[in-house]
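Residue numbering for the sequence shown is 17 to 249, as defined by my numbering.
Heads up, some of the hints might be wrong.
Pairwise CB distance ranges, derived in the manner of DEER restraints [stated by the list, open to error]:
no.	residue 1	residue 2	range
1	244	108	31 to 41 Å
2	158	240	17 to 27 Å
3	71	158	41 to 51 Å
4	172	109	48 to 58 Å
5	168	111	49 to 59 Å
No lab work stands behind these hints, which were simulated from the structure alone.
All C-beta atoms, glycine included, are put in the ideal place defined by N, C-alpha and C.
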Amino acid sequence: MAAGRLAVIPARGGSKRIPRKNVKPFAGRPMIAYAIGAAREAGVFDHILVSTDDEEIAAVARSHGADVPFMRPLALADDHAGTGPVVVHAIAQAQAAGWAVEQVCCIYPGVPLLRAADLRAALAMLAEGPADFVFPVLRFESPVQRALRFDHAGCVAPLYPEHLTMRTQDLVPAFHDAGQFYWGTVAAWQSGRSAHAGGRGLVLAADRAVDIDTPDDWARAEALFLARQKARL
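Could you put the whole structure together from the sequences, leaning on the hints where they help?
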């Protein structure tokens with residue numbers, strides 16, 4: 017394993033829509049344990065660092081094998097704190113501690129379907145270049161060019177009327193961020209650029225990621241996770 021690879025898991029304590037989301041039990045384990053477990057299984061990281069402002073999250077993270085060498089400043093722990101500044105702060109703290117850091121993977125804490133193999137595959141894409149960010153994406157099930165909107169009278173209208181007469185097979189496929197992780201070089205993170213602006217996308221199957229923002233999302237993700245576990249038995 018080459019030196020200088022850091023995983024940063026940003027896990028603040030103030031989740032609003034699903035209280036205590038990062039340590040809430042998911043299929044019998046704290047949610048954050050899945051991100052830490054996938055990072056450890058990937059076998060490519062020198063350090064797995066959890067950035068948090070919450071003592072309980074810190075304790076749970078440590079108990080599952082992650083490093084929590086500092087508590088995140090409150091200025092980076094409110095509802096408006098972006099991922100980029102949190103990762104840049106973690107990089108600075110790691111470097112101040114004497115850790116060699118060349119490539120950094122930000123792994124979100126709510127990713128129970130994350131696979132270690134995807135972390136390794138994205139790292140290989142980062143090494144290939146030319147992009148200095150790589151992240152997983154999902155294909156939209158229906159063409160986004162056929163999206164509908166409601167007009168002022170409550171009737172539907174095409175969002176992109178210029179594509180109404182085009183055949184489905186002639187429409188450009190569209191993808192969206194899977195919301196699991198972002199690999200990037202230290203320079204890329206420190207530049208403040210978005211991974212969406214020129215990064216490479218690792219395409220995942222539709223059942224490999226669920227964006228967990230609401231209790232309904234949580235229930236759907238847990239059902240999918242348990243079904244996949246049962247299928248392996």
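Results for each hint:
1. 244 x 108: 31 to 41 Å: holds, 38 Å
2. 158 x 240: 17 to 27 Å: holds, 20 Å
3. 71 x 158: 41 to 51 Å: Since residue 71 and residue 158 have Cβ atoms about 44 Å apart, the given range 41 to 51 Å holds.
4. 172 x 109: 48 to 58 Å: Cβ of residue 172 to Cβ of residue 109: about 50 Å, so the range 48 to 58 Å holds.
5. 168 x 111: 49 to 59 Å: Since residue 168 and residue 111 have Cβ atoms about 54 Å apart, the given range 49 to 59 Å holds.
Every hint, counting from the list given before, is met by this structure.
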